[in-house]
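J.: Each chain, letter by letter, is given below.
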Amino acid sequence: MTEVFTSVGRSIPRLEARDKVTGRTEYVHHLRLPRMLYGKIFRSAYPHARIKSVDKSAAEAIEGVFRVVTIDDIRTVIPHPYYGPAFHDQPILADGKTRFSGEPLAVVLAEDPSIAEEAAGLITVEYEEIPAVFDEVEAMTSDVLVHDELKPASTFADLKHLKGRKGTNIALDHKLLRGDPEAGFAKSDFVFEHVFRSQQVMHTPMEPFVSVADVTGDRMTLHTASQGPSFVRIEIARLLGWPENRVRVKVPFLGGGFGGKLYIKLEALVTALSLLVRRPVKISLTMEEQFFMVTRHPCTFRIKSGVNKDGKIIARTCDIAWNGGAYADIGPRVTQKAGFTSAGPYDIENVRIRSSAVYTNRPPAGALRGFGAPQTAWAYERHMDMIAEEMGLDKVEFRRQNLLRDGRPQASGTILVDAAIEKSLDKLLDIMKWNQPFDRGSGRIRRGRGIAVGFKGITSPTTSVAIVNLYADGSCGLFIGTVDMGQGSDTVMAQIAGEVLGFDPTTIKVIHSDTDVTPYDMGTLGSRSTFHMGTAVRLAAEDAKKKLAELAASVGMVPGSNQPISEIFERRYGMRAGNVIGVGSFIPEYQKPDPETGQSLKVTPFWGVGTNGAEVEVDMETCQFTVTKLVNVADIGRPLNPKLALQQLSGAGIMQYGFTTTENMIFKEGQLTNASLADYKIPGLLDMPREWINEFTDSIQHDGPFGGKGAGETTTIALSPAIGNAIADATGVQLMDLPCTAESIFQALKRAKA
Amino acid sequence: MSDIRTIRFTLNGTKVSKVVEAHETVVDVLTRKFDLSGTRESCRQGLCGCCTIYVDSNPVSSCLMLAWFLDGTDVRTIEGLADGDTLDPVQEAFIEAGAFQCGFCTSGFIMMVKHLLSENPDPSDEEIRHRLAGNLCRCSAYPEIMDAVKIAAAKARSVAKARP
Ligand code: FES
Ligand code: FES
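If you read the protein sequences in the order shown, they are chains U and L.
Going from the first sequence to this note's numbering is simple: count from 1 and add 1018.
Going from the second sequence to this note's numbering is simple: count from 1 and add 8.
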């Protein structure tokens, strides 16, 4: 039986579409408050150095400079000025030493931002350089220590044992063991081992990071471009030692986020500044400065597989070092969440995983669209092709033979449910016309094609709460903490509420994050909103519907009759007054993985599944290559707004395409050399592959709201290896490192010839 | 302190004047002195197109232009595109095609597309890609933006045809 829906499943335009095309959308970017000061950050010039002295005098002498602030000033209002979601390791401003070049060291406050900027350029610092470490593998055993001791946040019980650990750059080691990999290797016919690397890249949201803090009386109000207002409130309250109800966090629309604008970013700094000067303070980063805020983890992944003659994978080990940079941010979680799926979507009896978050003297790394999954897929899917190539196996059949299927345990022991891996692969092959002859070219121009399969788990356990408020005239407000940063959550959440209530979703008003009025949400991250907040919204709407029916019954009206809602209120209260408030709260089932073996019966609420295929053309003389076709197929359950869902798949894919082919933060001795859109190339219209196809499988997430689940990351997971595999197919050489460039092909060809 | 000067120009059809400093850019002045938030600074280097406006009908990166030079010009921003409640066909086309996600880059794209269509009412894909190469969208709504240009072009052509 097919269910009939009136609201979900339809491609209605975004609720805020009109504001977006008329330039009226509200962003923190242009917020100004009376008496507001602008802060301009002065940044460290060395990746690892002791700060001997700071000379602020020239900056202070500039007319119009209100104040120049260092960590000593911050301490007068926040005695323990260290923050972070997993570790309290990041000082609000550099404290005694700097741990990466570009770290905030002082701030100039002025009413005129250009004066603040001019003055910041006049600050001078005397440094004493100390040896630095930049490479994640080196940092695992280096004598150079980025932090003297580990300071896990007390909010995470499972990090407690790391407290006070000294003499290491390893912030967290995630381990998983299933079966006996060594015995598995011993009885395998062949053993393959490869090392793959992913480079450091950055989110580059078009709206750069921006936060405004405004302290009045005993309350702190933050207006911030944040994906996680609830966390901001909790962490700011902790830093200040205040109850949460004295901190208010408001978030309008975001000009992009992609995982960057999570946890605490500029919020701690503007809070401290506003407390110091008792005026509103705004800090807006420039595009260049964004590269020093948060990035995606570079990683080195050593993968080893034991395979039998018939193509069955017997054992696999994964050793991954994640370069977290100077501060942990959410890196330890990336390490765990991407760690446990790093053996790939394959049914392997013997698996060992060691995934380590490592400190180095680089800008911090955090979450970026995929939470580490794309870096792992680059390794395991390139590895799959290289094994097939060496053994002379068909690349598709080799995968198919080993694929994880519903009902089978994943490496963590969690049984796979509603993960359309094979379906997605079949659809991909179909669109790619895989079984038809493929023209490989000859002479100078060679063609190749490749596929890759990816999956990811979802951060768990996390909570979402939603409130549906029915007003006495029968209209509806939906109060949620999910932040609409372009993914279209306002629209989809209204569609879910509309479906339950029988309302036209375009008439529902979504109330944006304001922690004074919107309830708790863990954060807009990791493809969790549709599933978690979507379920909370469904429950809240059902609750409101039930209460409305009770109200109707209490005044003698027949529930479900066609009388307008306003009449129920009028009868009950004698006029249009009162509210019906429905509340929904959702936390999925979860079992904490065993710390030694990583085993858990329920490690993730659902699976993100996607396959990618690429066709490339390589000029064998110049090594320039063109991606002529890219196909992404994703399992996103039932698409609740197909058009918006496809946009997510497409946008995420293009972003990952940039991470695959052009984007690369290049460092020389710890100094970032290309912090500008001029030298750090993100995709534009001219870079689009000629054929760009996005599809979803016909699937349903049985416990998702109306069968839906998240879609924001799926196409990022295995896009890079699809391109890498296609390049190998065309050229015969294997690229081990991202990004794939003409130069890396040239070098690989040169090595192959030698 | 820097020099100041009073500039007079036309902003979205209205004559205005403002005291500006020598170093102030056009996008700064539009945002802070005229409270217009549709024109946005992102890269501040003329590389992303988010800050595109028309100065005397020519598209300009307003982050690279000093406000002094606005004196005597005719300026149009995204806020001046719609005619009251009636959206410009390009704006309508952007909604129809869903040619944005976060919307931060959208003003710049719409300004550029409108300009493109005024010069070439029926551009090829190649021309569209080249003319919009200076506009970046990190949400990567590029396929939908291509659709929007075509929808807008078709709308403009059908309006032209309807005219006697
Ligand atoms: S802000 Fe002007 S072009 Fe980027
Ligand atoms: S819609 Fe977000 S940058 Fe273009």
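Hints were generated in silico from the structure; no laboratory data involved.
Here the structure is a predicted model, which is why all the values come from computation and not from measurement.
Fair warning: there could be bad hints in the mix.
As the list claims (entries may be wrong) - So, partial list: chain U residues that the calculated Cβ filter (under 7 Å) puts toward chain L:
| # | residue |
| --- | --- |
| 1 | Pro1031 |
| 2 | Thr1040 |
| 3 | Gly1041 |
| 4 | His1165 |
| 5 | Thr1222 |
Claimed, not checked - To spell it out: a stretch of chain L is covered by chain U in this simulated footprint if at least three of its residues, at any positions, have a beta carbon under 8 Å from a beta carbon of chain U; those stretches are:
| # | segment |
| --- | --- |
| 6 | 37-51 |
| 7 | 55-62 |
| 8 | 83-93 |
| 9 | 108-119 |
What the hints assert, rightly or not - Far from chain U, by Cβ distances over 10 Å, these chain L residues were calculated:
| # | residue |
| --- | --- |
| 10 | Phe17 |
| 11 | Trp76 |
| 12 | Arg146 |
Here a beta-carbon is modelled for each residue, glycine too, at the ideal position from N, C-alpha and C.
J.: Which numbered hints are broken by the structure, listed smallest first?
T.: Checked against the structure, the hints that fail are numbers 4 and 12, while the rest are satisfied.
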